[in-house]
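**Student:** Residue numbers (the numbering used here), protein chains in the order written: chain A, 1 to 110; chain B, 111 to 363.
Keep in mind that the hints were calculated from the coordinates and are not lab data. Treat the hints loosely; a few may be bogus.
As the list claims (entries may be wrong) - Footprint (simulated), chain B over chain A, 3 or more residues, beta carbon under 8 Å: (1) 46 to 59; (2) 84 to 97.
As the list claims (entries may be wrong) - Selected chain A positions facing chain B (in silico; Cβ < 7 Å): (3) Met1; (4) Pro3; (5) Ile11; (6) Leu13; (7) Val33; (8) Ala63; (9) Gly75; (10) Leu77; (11) Leu78; (12) Val80; (13) Ala100; (14) Ala101; (15) Leu107; (16) Gly109.
Because the structure is a prediction, the values reported are computed rather than measured. The C-beta atom is built at its ideal place from N, Cα and C for all residues, glycine as well.
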Amino acid sequence: MIPVLGLVAGIVLGIVLDVTVPASLQPYLPIAVVAAMDALLGALRATLEGVFDDRVFVVSFVANVLLAMLIVFVGDLLGVGTQLTTAVVVVLGIRIFTNAASIRRLLLGA
Amino acid sequence: MPSQPTTAEARARLRRALSLRRGPGQAVAAVLLGILGFLLAIQLTDATDVLARASRADLVAILSGLDTRADQLEAELARLEQARSDLLAGAGDTEAALADAQARLDTFGILAGTVAAEGPGVSVRIVDPKGSVGAVALLGAVQELRDAGAEALQIRGGPDRVVRVVASTPFADVPSGGVSVGDVALSPPYTVQAIGDPDTLQTALRIPGGAVASIGSAGATVDVRPSDRLLVDALHEVTDPTYARPAPPPESS
Numbered sequence: 001m002i003p004v005l006g007l008v009a010g011i012v013l014g015i016v017l018d019v020t021v022p023a024s025l026q027p028y029l030p031i032a033v034v035a036a037m038d039a040l041l042g043a044l045r046a047t048l049e050g051v052f053d054d055r056v057f058v059v060s061f062v063a064n065v066l067l068a069m070l071i072v073f074v075g076d077l078l079g080v081g082t083q084l085t086t087a088v089v090v091v092l093g094i095r096i097f098t099n100a101a102s103i104r105r106l107l108l109g110a
Numbered sequence: 111m112p113s114q115p116t117t118a119e120a121r122a123r124l125r126r127a128l129s130l131r132r133g134p135g136q137a138v139a140a141v142l143l144g145i146l147g148f149l150l151a152i153q154l155t156d157a158t159d160v161l162a163r164a165s166r167a168d169l170v171a172i173l174s175g176l177d178t179r180a181d182q183l184e185a186e187l188a189r190l191e192q193a194r195s196d197l198l199a200g201a202g203d204t205e206a207a208l209a210d211a212q213a214r215l216d217t218f219g220i221l222a223g224t225v226a227a228e229g230p231g232v233s234v235r236i237v238d239p240k241g242s243v244g245a246v247a248l249l250g251a252v253q254e255l256r257d258a259g260a261e262a263l264q265i266r267g268g269p270d271r272v273v274r275v276v277a278s279t280p281f282a283d284v285p286s287g288g289v290s291v292g293d294v295a296l297s298p299p300y301t302v303q304a305i306g307d308p309d310t311l312q313t314a315l316r317i318p319g320g321a322v323a324s325i326g327s328a329g330a331t332v333d334v335r336p337s338d339r340l341l342v343d344a345l346h347e348v349t350d351p352t353y354a355r356p357a358p359p360p361e362s363s
């Protein structure tokens, strides 16, 4: 329950504070969000499977986000930022779908 | 890989995770989810400006598209300006044709006597106290003036009696005295006003045995006066021809 409250609090903060994203970070923010969602779904799946470990969650969350941003950053340096962004989003999207499917099977048995 | 848990186990774990149980894992998850929510919110509120978030490649593509569009619009502009200048030139042609038609209308109007005319010419005053000048003498004078190139003619004979002389104007003697010109009865003194080259007209009138000489020998006095600016303002009313019709142009072989 507390994590859900944290999510709601974060959304409210983000809307209320009206933070402007620095231009240099703008290409990486969407990737970071997608990576975080991937880590979140992985954590939910682990919870349902009874193997959730908070240390693993923290590490995978931070690592996922940083790695995704780093890949896009390197891609920008190499001039293939757009393509690598697409690649990262595709890979993360596949993982999100896989995790969501597992969660669905665990909760609904189908 | 642990053995797949059953649905009931999974639901129980979800319920337990959603309960208000305190624990270090819950707190950490809450912080991370809070960060996720924060990022999500600012990304969503910031997503309004498409150009600001577009990558360099996208911007180049957009710029290229705009360049292409600008080129197309410039071509369109050139085409429309060309059309505009064409139309203006066409309007100029129309104006020239209109001016030409107007000039011909003026010419024909002067010839037919339907418009007033002005210009240099001569004024011939014939004082005839004995009534010796008849239609033939007057017509002779008119013919002399026409031969000399008079372009517009009118004859004044008495107050408010003035007749424009055109090709079809008849001259006739009136038995009670005076001359009928174009069905208007004129009485002496007559004044013939003719527009043309004043010198030529005077010379034509004064040749030996000409109009001035014959009228003078009949007992009347003739006074020829050149003028730089004469006004021939009597008008001739044109009636539509009853019988004559324009003939078809001859076939060109």
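**Student:** All hints are to be evaluated individually against the structure, with a verdict given for each.
**Tutor:** Hint-by-hint comparison with the structure:
1. For the stretch 46 to 59 of chain A, the proposed coverage by chain B is satisfied: 10 residues have a C-beta within less than 8 Å of a C-beta in that chain, meeting the threshold of three.
2. With 1 residues having a beta carbon nearer than 8 Å to a beta carbon of chain B, the stretch 84 to 97 of chain A misses the requirement of three or more and the stated coverage is violated.
3. Given hint, Met1 (chain A) at the interface with chain B, holds; its Cβ is 5 Å from that chain's nearest Cβ, closer than 7 Å.
4. The beta carbon of Pro3 (chain A) is positioned within 7 Å of a beta carbon in chain B (closest approach about 4 Å), and the interface hint is therefore held.
5. Hint on Ile11 (chain A) holds. Least Cβ distance to chain B is approximately 4 Å, under the 7 Å limit.
6. Annotation: interface hint on Leu13 (chain A) holds; nearest CB of chain B at approximately 5 Å, less than 7 Å.
7. Evaluation of the Val33 (chain A) hint against chain B yields a held restraint, the C-beta minimum of about 5 Å falling below 7 Å.
8. Because the smallest distance between the Cβ of Ala63 (chain A) and any Cβ of chain B comes to about 12 Å, over 7 Å, the interface hint for this residue is violated.
9. Interface hint status for Gly75 (chain A): violated, as the beta-carbon distance to the closest one in chain B is roughly 10 Å, over 7 Å.
10. The interface hint given for Leu77 (chain A) is broken, as the beta carbon of that residue sits about 12 Å from the closest beta carbon of chain B, more than 7 Å.
11. Because the smallest distance between the Cβ of Leu78 (chain A) and any Cβ of chain B comes to about 12 Å, over 7 Å, the interface hint for this residue is violated.
12. Contact between Val80 (chain A) and chain B, as hinted, is not supported at the beta carbon level, the nearest pair being about 9 Å apart and thus beyond 7 Å.
13. About 14 Å separates the beta-carbon of Ala100 (chain A) from the nearest beta-carbon of chain B, more than 7 Å, and the hint is not met.
14. Taking 7 Å as the C-beta contact cut-off toward chain B, the hint placing Ala101 (chain A) at the interface is violated, the least distance being around 13 Å.
15. Of the supplied interface hints, the one on Leu107 (chain A) holds, with its beta-carbon coming within about 6 Å of a beta-carbon of chain B, less than 7 Å.
16. Interface restraint check: Gly109 (chain A) against chain B, minimum CB-CB distance 4 Å, threshold 7 Å, status holds.
Checked against the numbered hints given earlier, the structure breaks hints 2, 8, 9, 10, 11, 12, 13, 14 and satisfies all the rest.
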